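Asks: Sequence:
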Amino acid sequence: MGDFVVSALKYRPRNFNTIVGQQAITQTLQNAIKNNQLAQAFLFCGPRGVGKTTCARVLARAINCEKLLKEVEPCNSCNSCDNYNNNQSFNIHEIDAASNNSVDDIRNLVDQVRFAPQTGNFSIYIIDEAHMLSKSAFNAFLKTLEEPPRHAIFILATTEKHKIIPTILSRCQIFDFKRISVEDIVSQLSVVAKNEGVEVAKDALVLISQKADGAMRDALSIFDRIANFTENKVSLQSVQENLNILDWNYFFKAVECFLNKDIQSVLLLFDKVINKGFDGVTFIDGLVLHFRNLLVSKDSATIQLLETTESVKEMYVDQSKKTDNNFLLNAIERCAECANQLKNSNAPRFFIELTLMQICSNESIEKKKIRLKIISPVKSEPVKSEPVKSESVKSEPVKSEPVKSEPVKQIARQKKSLATLSVNEFLSAEEKKEEPTKLNNGDSKDKISLDILNKTWEYYSEMLKTEGRNSLYHTMCNKKLEIKDETKIILSVESRIQKKEVENEKLKLLNLLRKKLNNYKVTLEVLVDEKQKKDLVYTPKEKFKYMVEKNPEIRLLKDQFNLEIDF
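Residue numbers (this note's numbering): 12 to 578.
None of these hints come from the bench; they were simulated from the model.
Heads up, some of the hints might be wrong.
Here are the simulated lysine to any residue pairs, SDA-like style, with alpha carbons at most 20 Å apart [unchecked claim]:
1) K272 <-> K222
2) K244 <-> V209
3) K222 <-> D235
4) K205 <-> Y471
5) K332 <-> T293
6) K45 <-> E77
7) K517 <-> N573
8) K526 <-> D496
9) K466 <-> V537
10) K244 <-> V203
11) K569 <-> L535
12) K189 <-> N341
Just so we're clear, the structure is a prediction, and the values are computed from it rather than from any experiment.
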C-alpha cells in the first residue's frame, strides 16, 4: 500500500512537451529560454488543475539545467535537475502564499533574494496561490518585483487573477492558462490507462473528461477512483453509477415520447429516473443540454461543438432530423421556465411533470398566451330580414326590430372575461352594442328592478377592483341603495371624501345604469349619511372615548399605570 502513488502525481509532467493542452504557453517559454529573453517576473493564472504550478516547476528546472536539451527541455540528469528532483535544490524556492501571506513573510523573502545562488545562474522563487497575499504584503513586494537582482526570477501562480492588485500585474509577464479540452484529456487518460493496465471504454473516458470540467488533475483523480471501483475494467455504466450521472439514453427516449405526444410514457420515464435516485433539477438540466445538442446537430458546421464520441454524435444527428427548430426552442423555453419555478417550489415534481406534459402537447408559450387571452364580450347583432320577393308587387325590405340588450344573466356569464376590461373599455364595448329603443316624450321604458340594479352595481364594483381602484371599490361595496319616485336612485355614503369619489365616477356609472335598466330617466343622487358620519372615529381623543364607552375598564387601566394619551 505504501508504494501506491496517485495518477495526478505519478504522471505529473516533467518537461514542456508533456504538459497537456497548453502548447502556446510552453512554446513561448521555450523560445524565451532559447533566445535568453526571460522576464524577471511571470504570472501564471487560470482554472484549477490545468498545469500552472507544474509549468512553473518545469520552467524553473529548464532555466537552471546544466545540460539543456536541443528541444529546450530539462535533461533531468544534471546536478541541478537531480537536486530538485530529490528536494535538495538551493536555487528553486517554492512558497505557499496561503500560509505565508503577511508583511513579515515578504520581508524575509526580500532579504533572501539579495543573496546570489550557490550553484547555477538564477535563484527562482515560485509563489503559489499568490492571490492570498495581503494588500500590505503586495505593497511590500512591489519594489523588489519591479527591480529584482539579476539572479532572481519570480513565478507567481494563481486561480484568481482579479484579486491581484494592478501594480503587481503591471510588473509581471502574464500567461493565461485555458481549460483543457475533452479531446486532450481523453488522449492523456488513454495513455495512463494503457500504462496502468486498465481496460476502459472510450465513452467512459469522454464522460470522465466532461465531469472534470477542463481540469487534468480532476480527471486523473476520477480515473483512479473508478478504476478501483471496477477493478481495472471501466465501462460507461460503471462511470455513470459512480459519478451519479444520468444516462443520455433517457433523454433520447424522452424526446421520442415528446414527438409521439405520449404523455403516459414520458411520465413513467421520469418516475424511473426519480426512483434511481436522481433529483428533478438534474433531469431538467440534462434535458435542456440534450435539446441544445439537437439544435447543434442540425447543421454540419456546428456539430463539432458536441463533446462526445462519434457514435453518440450519430444518434444526435438522427434524432435532430425528426425535430424542428420551433419544437426545440419551445422545449428549451419550457424547461427554463420550469427551472425558475423549481427554485422556490415546495412541489418540484409537479412542475416538472407539468412541463413534460406541456412539451408533449407542443404548444408554445406564445400560443398559450393567445389561447388564454380574455375574449371581449360577444356583441349582440340585430336580426336582419331578407326582403320578400314578388312578381306583381315591388318588394320592400322588412324593417327588423332591434334586439334588446341581453338580461343581466348574460352579464353574470361574461363577468369573468369582462373583469379584465377597464371601465372605459367596457363602456366603449357597450356603446357598440345595439342600443335600446329610444324613449318617446321622455317616458320610461322599463320599471327599475332592484335585483337588476344590485347585480349591475356589483358588476361595476368588480371592474373597479380589477383596475386596482380599491378605495372606490370599497365605497361601492359598502353602499346603501334606495329607489325613490321610481326613477331616482339614492346612494348613501359615509363621508364627503367618498361622495367626491362617487361624483367623479357618476357620469360613467349613470350611463351604465341607464343602459342595463333600459330606462333613460334614471338619475343618481349621492348623499352623506349623517348617522354613519357621527359613528366614525377620527382623532385619538375620539378613539379613546369610543373605547372607554365600549369597555370602561380601559380608563381604570390608564389611571393605575399612570398612562398618557397623545391627544
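Asks: Can you list which hints this structure breaks, lowest number first?
Replies: 1, 4, 5, 7, 11, 12
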